[in-house]
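There are 2 protein chains.
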Amino acid sequence: MNIIPGGVCAAKGFKANGIHCGIRKNRTKRDISMIVSDKKAVAAGVYTTNLVKGAPNIVTKKNISDGYATAVICNSGNANTCNANGIEIAEKMCKLTGDALGIPANDVVVASTGVIGQPLCLDPIEAGMNELVAGLSYDGGKAAAEGIMTTDTVMKEVAVSFTIGGKECKIGGIGKGSGMIHPNMATMLVFITSDVAISPEMLQKALSCDIKTTFNMVSVDGDTSTNDMVVVLANGMAENTEINSEGEDFNTFCKALNTVNTYLCRMIAGDGEGATKMLECKVSGADSDAIAKTVAKSVICSSLTKAAMFGADANWGRVLCAIGYSGADVDITKIDVSFRSKAGEIIVCKNGAGVEFSEEKAKEILLERDIEILVSLGDGNFSATAWGCDLTYDYVKINGDYRT
Amino acid sequence: MNIIPGGVCAAKGFKANGIHCGIRKNRTKRDISMIVSDKKAVAAGVYTTNLVKGAPNIVTKKNISDGYATAVICNSGNANTCNANGIEIAEKMCKLTGDALGIPANDVVVASTGVIGQPLCLDPIEAGMNELVAGLSYDGGKAAAEGIMTTDTVMKEVAVSFTIGGKECKIGGIGKGSGMIHPNMATMLVFITSDVAISPEMLQKALSCDIKTTFNMVSVDGDTSTNDMVVVLANGMAENTEINSEGEDFNTFCKALNTVNTYLCRMIAGDGEGATKMLECKVSGADSDAIAKTVAKSVICSSLTKAAMFGADANWGRVLCAIGYSGADVDITKIDVSFRSKAGEIIVCKNGAGVEFSEEKAKEILLERDIEILVSLGDGNFSATAWGCDLTYDYVKINGDYRT
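So the protein sequences, as listed, match chains A and B. Just so we're aligned: the first sequence equals residues 1 to 404 in the working numbering. Just so we're aligned: the second sequence equals residues 1 to 404 in the working numbering.
Because the hints were derived from the structure by calculation, they are not lab data. Check each hint, because a few of them may be wrong.
[To be verified] To give an idea of the interface, some chain B residues facing chain A are shown, with a C-beta separation under 7 Å as derived from the structure: (1) 47; (2) 84; (3) 87; (4) 96; (5) 100; (6) 103; (7) 121; (8) 325; (9) 393; (10) 399.
[What the hints assert, rightly or not] Straight line, CA to CA, 25 Å or less: simulated BS3-like cross-link-like pairs of lysine-lysine: (11) 95(B) x 40(B); (12) 29(B) x 92(B); (13) 342(B) x 62(A); (14) 397(B) x 361(A); (15) 363(B) x 397(A); (16) 363(A) x 255(A); (17) 334(A) x 62(B); (18) 40(A) x 142(A); (19) 361(A) x 342(A); (20) 25(B) x 363(A); (21) 397(A) x 397(B); (22) 342(B) x 363(B); (23) 61(B) x 334(A); (24) 361(B) x 397(A); (25) 363(A) x 397(B); (26) 61(A) x 334(B); (27) 363(B) x 25(A).
Where a beta carbon is used, it is the ideal one built from N, C-alpha and C, also for glycine.
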């Protein structure tokens, strides 16, 4: 498997574009994106578990319930959530897109991201539709990735190539997500495209399984968004024999999907609102998969641990504290904790108690941007990884006046 | 019932003191406190639910398992948690205290608060014991309240007087808690003294019941501490007929205890690390007590809501979002949300969707220090209140380099 350029346009037969249409006031920010497959594609999706669901999520879920979709339309700057006319607006976005592309409205995946509870006016979208469609191209992945950004500071895209039955296949994806990110579920907007031929059932199965170890293991701030959505389109243009059951081809596809999703997870965590560091908590030696996941997520979500990491302070007591209140049944006296980064690795806690360590070395390790927090539970053979970021002044700044 | 001065020394027969003995480097900060009852007192306690338990918690629980205690010793600056010799050190603190006061070591309540995982050296405590005991006085409540402070910016004490069977009774308390505060349980250090005559069983019952609506409903940062403890001593010197069953006297006592605890909760929330505002989420119209509590706590814990309040931004979508992911089974389309403070009240969301409101008025309301977030679920007759604070730059600053 190789990492390749192209993002959502890496796979055969996918065009994309992103422009500024006027939903956002800042004219230099793209605020609407489109992705279109040359052929109707198999579609699968996973959505937020928040009871408050963005209107676009409801419409998208309905539209791809038949297992197929052709295009994605997504705006930033307004979440179209908690508005009395939300469903109507989301459906009109599909209709506008469908009319412009000459496809049925119910073959469109619609998504919105931004502030909650402010009516979304369709005028800019309607006015910009011609430009958006006219600009669709096979190398428009970056523009599309930019159009879905909110407080993101970096564009998030990745693609991989691999072979199935001798055919070259590709999966590419773009993601956005910076705040209001927390398991479970999906925790952000992610659109994945592939040219693999796969049945709707197997595509949904691959996605639903994969997010358990990827997007469900990311937390920026503990707030599960109302508009989370991960949607995959697979148009079959790689011409492999259709994957319609488990087996080698399905496993190859799942592995490639996992590579794309893990990459996006790390990017999203590292670009958490205000983040200066990407935190990766790797738990090993757990008695069950559930315990490993619970512990890893609890550490990543601890405000105190996150603030300590911002300060490059090896305050491991906060890691142990977060494990202790996670709800997982663990034996504290068997737990070891280490910090690791490019600058080295240092053990700070053994069997649940502190060990002497060089504060200087620890500081050097924690001053790096990518930090691993290694937790060994000494209790079994299960492991899990969760991703997050540090808690910084800028998180507070960004969220203290998000609407203004 | 009247609010009176005196804190933990308001009730008859309680002396207290707090001094700097040298656990903390800053010589202007008191770092050890003692509270002593003239007579052996009935004792009850509740403790952290964190699996990582401070050594003092374990020793205190054992010491008051017979239902009685005479004194409290508590240091700040070091939590004596996650240390190999923690239990031994906590027991020695009780022994030192007992010897100095001429009481058995197992009549001593011991507590520690501060950094986790650094061995606690007894030398300063041993050296300061004579001064601490010599300075005990019937108006030493404030000194004791100061000696248990860590990152607290204000001393927290309160007392009330009331009558039971014609006898004047008092309950007073001190608390500390600023960071690492989250349900469940106890979530901080609180010591309560009373001169009421009450049996050990009824005292424990009163405390265990009361914390469900008080200390378990406070969150500063979602991190449940390892050293949380609320201990009540009641020495019977008010000479009321001993309360040993439910009834009018017990209810009167519970009401007074609730007043003291609620007052301390509000003080602790309002003095959360870095806080500029005290947030009070009042949920009404819930279908059950559990739903009301879950919703109130979820709103109070939402980082995004907390950051919005810091910015005096009426971003009610975040409140609704936090209700949606709380796990409580509610009907979003029935929810109303209002903000209230001394400056007025404004409704911002009706039936789960935004209503037009004056941003100017909302700003004026949210610029106050004490903010109420009112949530009506329209689903039943249960209600609950939770307390928290805003998320600020200073929270990050305080916790970015707590140890240095």
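Hint check:
1. At its closest, the beta carbon of residue 47(B) sits 13 Å from a beta carbon of chain A; the interface hint therefore is violated under the 7 Å criterion.
2. Interface hint status for residue 84(B): upheld, as the beta-carbon distance to the closest one in chain A is roughly 5 Å, under 7 Å.
3. A distance limit of 7 Å between C-beta atoms decides the matter here; for residue 87(B) the minimum to chain A is near 12 Å, and the interface restraint is violated.
4. For residue 96(B), the interface hint is violated, since its Cβ never comes within 7 Å of a Cβ in chain A; the closest pair sits about 23 Å apart.
5. The restraint placing residue 100(B) at the interface with chain A is violated, with a minimum CB-CB distance near 29 Å, outside the 7 Å limit.
6. Taking 7 Å as the C-beta cut-off, the interface hint given for residue 103(B) is violated, the closest approach to chain A being about 31 Å.
7. The closest approach between the C-beta of residue 121(B) and any C-beta of chain A is roughly 14 Å, which is over the 7 Å cut-off, so the hint fails.
8. The beta carbon of residue 325(B) comes within 4 Å of a beta carbon in chain A, closer than 7 Å, and the hint placing it at the interface holds.
9. At a threshold of 7 Å, the smallest CB-CB gap from residue 393(B) to chain A is about 5 Å, leaving the interface hint in force.
10. Hint status for residue 399(B): holds, given a least beta-carbon distance of 3 Å to chain A, under 7 Å.
11. Taking the CA atoms of residue 95(B) and residue 40(B), the gap is about 16 Å. The hint holds against a cut of 25 Å.
12. For the hint pairing residue 29(B) with residue 92(B), the CA-to-CA distance comes to about 23 Å; that is within 25 Å, so the pair holds.
13. In summary, the hint linking residue 342(B) to residue 62(A) is not supported, as the alpha carbons are separated by about 46 Å, beyond the 25 Å threshold.
14. With a CA separation close to 22 Å, the supplied pair residue 397(B) and residue 361(A) stays within the 25 Å bound.
15. Taking the CA atoms of residue 363(B) and residue 397(A), the gap is about 17 Å. The hint holds against a cut of 25 Å.
16. Of the pairs offered as hints, the one joining residue 363(A) and residue 255(A) is violated, with about 36 Å between alpha carbons and a cut-off of 25 Å exceeded.
17. Among the hinted pairs, residue 334(A) with residue 62(B) is consistent with the structure: their alpha-carbon atoms are about 24 Å apart, no more than 25 Å.
18. At most 25 Å may separate the alpha-carbon atoms for a hinted pair to count; residue 40(A) and residue 142(A) meet this at roughly 22 Å.
19. For the hint linking residue 361(A) to residue 342(A), the alpha-carbon distance of about 12 Å falls within 25 Å, and the restraint holds.
20. A hinted pair counts as satisfied when its Cα atoms are at most 25 Å apart, and residue 25(B) with residue 363(A) qualifies at roughly 22 Å.
21. Note on residue 397(A) and residue 397(B): the hinted pairing holds, with a Cα-Cα distance of about 13 Å set against a maximum of 25 Å.
22. About 12 Å separates the Cα atoms of residue 342(B) and residue 363(B), which keeps this hinted pair within 25 Å; it holds.
23. Simply put, residue 61(B) and residue 334(A) have alpha-carbon atoms about 23 Å apart, close enough for the 25 Å limit, and the pair holds.
24. Between residue 361(B) and residue 397(A), the direct Cα distance comes to roughly 22 Å. Compliance with the 25 Å bound is thereby established for this hinted pair.
25. With a CA separation close to 17 Å, the supplied pair residue 363(A) and residue 397(B) stays within the 25 Å bound.
26. At roughly 23 Å between alpha-carbon atoms, residue 61(A) and residue 334(B) fall within 25 Å of each other, so this suggested pair holds.
27. Between residue 363(B) and residue 25(A) the alpha-carbon distance is near 22 Å, which keeps this suggested pair within the 25 Å criterion.
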